[in-house]
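A.B. asks: We have chain A already, so just place chain B on it with the hints.
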Amino acid sequence: MASKPRVKVPKMASVGDIITIKTLISHKMESGQRKNKKGEPIPRRIINKFTASFNGETVFSADIDPAVSANPYFEFSARVNESGVFKFIWLDDDGSEYTTEKKIAVS
Amino acid sequence: MTITRRQLVGLGAGAFVAAGLGLRPAFASAEATEAAIKAFAGDTPIGEGRIELTTPEIAENGNTVPIAVSVDSPMSGADYVASVMILAEGNPNPEVVTFHFTAASGEAKAKTRIRLARTQNVVAIAKMSDGSIFMTKNQVKVTIGGCGG
Chain A
1 MASKPRVKVP KMASVGDIIT IKTLISHKME SGQRKNKKGE PIPRRIINKF TASFNGETVF
61 SADIDPAVSA NPYFEFSARV NESGVFKFIW LDDDGSEYTT EKKIAVS
Chain B
1001 MTITRRQLVG LGAGAFVAAG LGLRPAFASA EATEAAIKAF AGDTPIGEGR IELTTPEIAE
1061 NGNTVPIAVS VDSPMSGADY VASVMILAEG NPNPEVVTFH FTAASGEAKA KTRIRLARTQ
1121 NVVAIAKMSD GSIFMTKNQV KVTIGGCGG
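Keeping their order, the protein sequence lines are chains A and B. With my numbering, the residue at position 99 of the first sequence is 99, and numbering never jumps. Just add 1000 to the spot in the second sequence (first one is 1) and you have my numbering.
Rather than coming from a laboratory, the hints here were simulated on the basis of the structure. Ideal placement from N, C-alpha and C gives every residue a C-beta, glycine not left out. Hints are not guaranteed to be accurate.
Said to hold, decoys possible - Partial list, computed: chain B residues near chain A (C-beta under 8 Å):
no.: 1; residue: Asn1093
no.: 2; residue: Val1096
no.: 3; residue: Phe1099
no.: 4; residue: Phe1101
no.: 5; residue: Thr1102
no.: 6; residue: Ser1105
no.: 7; residue: Gly1106
no.: 8; residue: Thr1112
no.: 9; residue: Arg1115
Unchecked claim - Below 25 Å or equal to it, Euclidean Cα-Cα: the simulated SDA-like pairs (lysine to any residue) are:
no.: 10; chain 1: B; residue 1: Lys1111; chain 2: A; residue 2: Thr51
no.: 11; chain 1: A; residue 1: Lys8; chain 2: B; residue 2: Ser1070
no.: 12; chain 1: B; residue 1: Lys1111; chain 2: A; residue 2: Arg45
no.: 13; chain 1: A; residue 1: Lys37; chain 2: B; residue 2: Thr1064
Chain A with its partners taken away, still in its complex shape (with noise of 0.2 Å):
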């Protein structure tokens, strides 16, 4: 159900400078509070978790609630000393982890 990560960060940037990253995964954040047409609960599946890492340090995390609207986007900052790898890492209420990385060089 859920797939494809989408994550913009700058390919590279000047030592010190404070970076902005935007992530955005398709899922669906069923919220548990809707119905089926039998009138039944939808159980909740939701993406709980996300943490952005750099060369293995977390620089931003949330924890996640049903409020947070389906296609959950973050737009959030870092700060960058040395070249290195991004990893960004989603995790679903069904136990799945969705990953990805991105590179960038600082000079």
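C.D. replies: Same frame as chain A, now just chain B:
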């Protein structure tokens, strides 16, 4: 002035509707919001300012309301913003999202999109690395609610 029987019936029905529909859910949610703030802040006194919460004045579609939060902080090794919790007072559950920052975040800024069930206050509450707490609130008018049903 005499009250006719018709007026009396109308008055009674109005009072019944107000008691049954209007007041009870609002109170339940206010309590849940209080509880969430208490769980986040503990007994620390809550200060004002330092947080800038940007929300639309009117949200036409409650399914996806853009919000932005930014907290004034140097974000250095010892003095940074640890977390920011977003609450929606008028949703079935007040918790929306909690952002966690580190000194490597550079600045305590985040944007996302949230669901709002109806017109209500959105609350942002921030915890600094020294444990101090700040809070701010914005009202958002919602035209179409965003919690299914």
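A.B. asks: Could you work out which of the previously given hints the structure breaks and list their numbers from low to high?
C.D. replies: none
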